[in-house]
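Okay, here's what each chain looks like letter by letter:
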Amino acid sequence: MIERRTLLRAAGATAMAPLLARPALAQSATGQGAALKIGMITTLSGPGGYLGQDIRDAFALAMEMEDGRLGGTPVRLLVEDDALKPGQGKQIAERFLKNEKIRLMTGVVFSNVLGAVAPDVLDSDGIYVSPNASPSTFAGRECHRNFWSVAWQNDSLHESAGQAAMNLGFKRMFILAPNYQAGKDAITGFKRFYKGQIAGEVYTRLDQTDYAAEMAQIRAAQPDAVYQFHPGGLGIAFLKQYVQAGLSATTPMVLASPSMDSTTLAAVGEAALGINVTAQWNSDFDNPASRRFVEAFTAKYNRTPTYYAQQGYDTALAIGAALKGTGGSVEDLAAFRKAMQPASFESPRGRFAFGANQHPVQDWFLLKVERGADGKPALVTKGKVLENHTDAYAGQCRM
Amino acid sequence: MVLLLEQLLNGLQLGVMLFLLAAGLTLVFGIMGVINLAHGSLYMVGAFAAAWVAAQTGSALLAVPAGLAAAALAGMAVELLVLRRLYARDHLDQVLATFGLILFFNQGAILLFGRQPLFVDIPEGLRGAVEIIPGVPYPAYRLAILAVGLLVAAGLYGLIRHTRTGMLVRAGATHREMVRALGVDVRKLYTLVFGLGALLAGLAGLMAGPIFSVQVGMGEQILIMTFVVVVIGGIGSVRGALAGALLVGLVDTLLRAYLPALLRGAMQGPDADALAAGLASMGVYLLMALVLLLRPRGLFPAHA
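Chain order of the listed sequences is A and B.
Going by full-length UniProt numbering, 288 is the number at position 288 of the first sequence; the sequence numbering is gapless.
Going by full-length UniProt numbering, 106 is the number at position 106 of the second sequence; the sequence numbering is gapless.
Simulated from the structure, these hints should not be mistaken for lab results.
We treat Cβ as the ideally placed atom computed from N, Cα and C, and that holds for glycine.
Since no wrong hints were added, every one of them can be taken at face value.
Stretch by stretch, here's where chain B covers chain A in the computed footprint (C-beta under 8 Å, at least three residues): (1) 211 to 224; (2) 230 to 241.
Stretch by stretch, here's where chain B covers chain A in the computed footprint (C-beta under 8 Å, at least three residues): (3) 48 to 58; (4) 193 to 205; (5) 259 to 267.
25 Å max Cα-Cα, derived SDA-like pairs, lysine to any residue: (6) A:K171 to A:K384; (7) A:K368 to A:R303; (8) A:K300 to B:L111; (9) A:K184 to B:G278; (10) A:K90 to B:L103; (11) A:K184 to B:L275; (12) A:K376 to B:Q116; (13) A:K195 to B:D271; (14) A:K191 to B:A272; (15) A:K184 to B:A261; (16) A:K300 to B:Q107; (17) A:K191 to B:A274; (18) A:K368 to B:I122; (19) A:K300 to B:I110; (20) A:K184 to B:Q268; (21) A:K300 to B:F113; (22) A:K376 to B:I122; (23) A:K300 to B:G114; (24) A:K376 to B:G58; (25) A:K195 to B:A272; (26) A:K195 to A:R219; (27) A:K184 to B:A272; (28) A:K184 to B:L254; (29) A:K338 to A:G327; (30) A:K376 to B:Q56; (31) A:K184 to B:D271; (32) A:K171 to B:A274; (33) A:K184 to B:Y258; (34) A:K195 to B:A274; (35) A:K191 to B:L263; (36) A:K368 to B:Q116; (37) A:K376 to B:A60; (38) A:K184 to B:A266; (39) A:K184 to A:G87.
This is chain A alone, in the form it adopts within the complex:
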């Protein structure tokens, strides 16, 4: 009896394993003593670790391209791993605020961590610039004058996918997402722009690895196409099993960018050919800013930058533009806001502006996985899906 109880307790402990803290990383890019400190709280460990890694690396790259400065101001980047644990993110934020006296923070990848970090930063008159997570909380009624998103508002990812499904002429869609907040938001966002028929709506588990049951349901429903939101490893498993079930030959797929980035693509391989993806940027964009970024990133890190890398890079550029306007000071918040709002930097995305709620107003593009010049599957830009797209919550924001 005792043995079984211990075993059950042990099972509980295992559930915590991926969340356990890893040693903190602090990295200083410049040696100057008077450099402005920027705090980066991001996810570097666990299955979602490569997202934070790309954001960190691209941010550091932007600093390096300007010799350790952003907008002419010497800066020092302090990086800590939140391990996808809201409590840990909050502790790091408090330490950054109280011990390091940092006023400017960025880095959070996941919305649940942001929910714990951002209020602390904003309440103590700090500035938070988001390179990824941007839940509806900070975009609508609760928007904050010191909160900026350089990525997108979460819903836009799925709204653009919904619009893409309309444009591609799919009449009956089968949609799937994990049963948690971001999964439900994905379904809501998709349906906001998709006006066709829903052939089936399935919520999967966040810890699920086997999707055979779902594959059988999709085959039975015979939809025109499938939309699914499964970030990271979940998406890799889903896609592989989709192909193995023989569904990719009959049923096309539409995805939002988090379910198909260049890292996922490398892990899925040939199986991804033909999949439609919507994103705000892609590594094949033909503009000088994008070419410069992709070249520098590939040269330094020897891998193709993901969307996350591009977002981290833009975050550094946006902060640089604001610092240039204030002469390197973050003390006068009104002056910082005034310098930040025009977004006077050259984004690899092309057109980029901040809306009234300080979230991006930007274009969304349709990408398709095709065989690249080297024979390997690559994401190829096909055209625009949405133009000057703002988010559904901007109207509720009163600054």
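For chain A, the structure is supplied; the task is to place chain B on it using the hints.
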């Protein structure tokens, strides 16, 4: 009807996958009295080693022994270096030590392979689909997993029932002290059993590579379900592990497949889907609670 058959196959296939992991875990716990939280890490070692060798050589035939050997060797090394010092200690110490091993293995995998998930392809001959039921193509690879799992189950039965080593294993599971008193080299037996458990975990890992995602932390995801299987089947019983694994696989798959449709008959569409998803994910744990209520020592208790 055809759909039900397909879902039953899916459930069985998930079941044998869980069985490969649970068999090792239950043996180690039953015979050595050690809770090995790092069992999932051995599964990860098997998957990574096979994926790496397959990528380097392009040969699935070489990847299989590589994955098996890596997992078995890692397992035996863990037993010799760490667990051997812990047999006499409290369960809490063992849990702490093997929990530490999880962190060690995960960080090691990050250092060696990076955070990006690895790509694994299905071996050439198993790529297509087979029409076992008319009109429903079923992936050949999944059938192969099912076959391998059942073969291993039969092999384990033969090993444990009809060989001298198996006799010692059985004796060790029921009367540990007596086996020691009869002069059997228990230390060697322990290393062997642990290596066998690790080998099976590695087999599960290398077979999971082409369908799941090969990445750091993949072991912990599936280990929770494995613990449920071990508790349902009865700790220390391989027969129980097989029964528990198939039961858990079937219940989990069928609930996910049919609960939403059942609930949709009774309530609004989106609400039914969300509620069904919640209930389906609780299903195996409810099953475990039920089994514990009716048969507190599991379905096939080893220490009868």
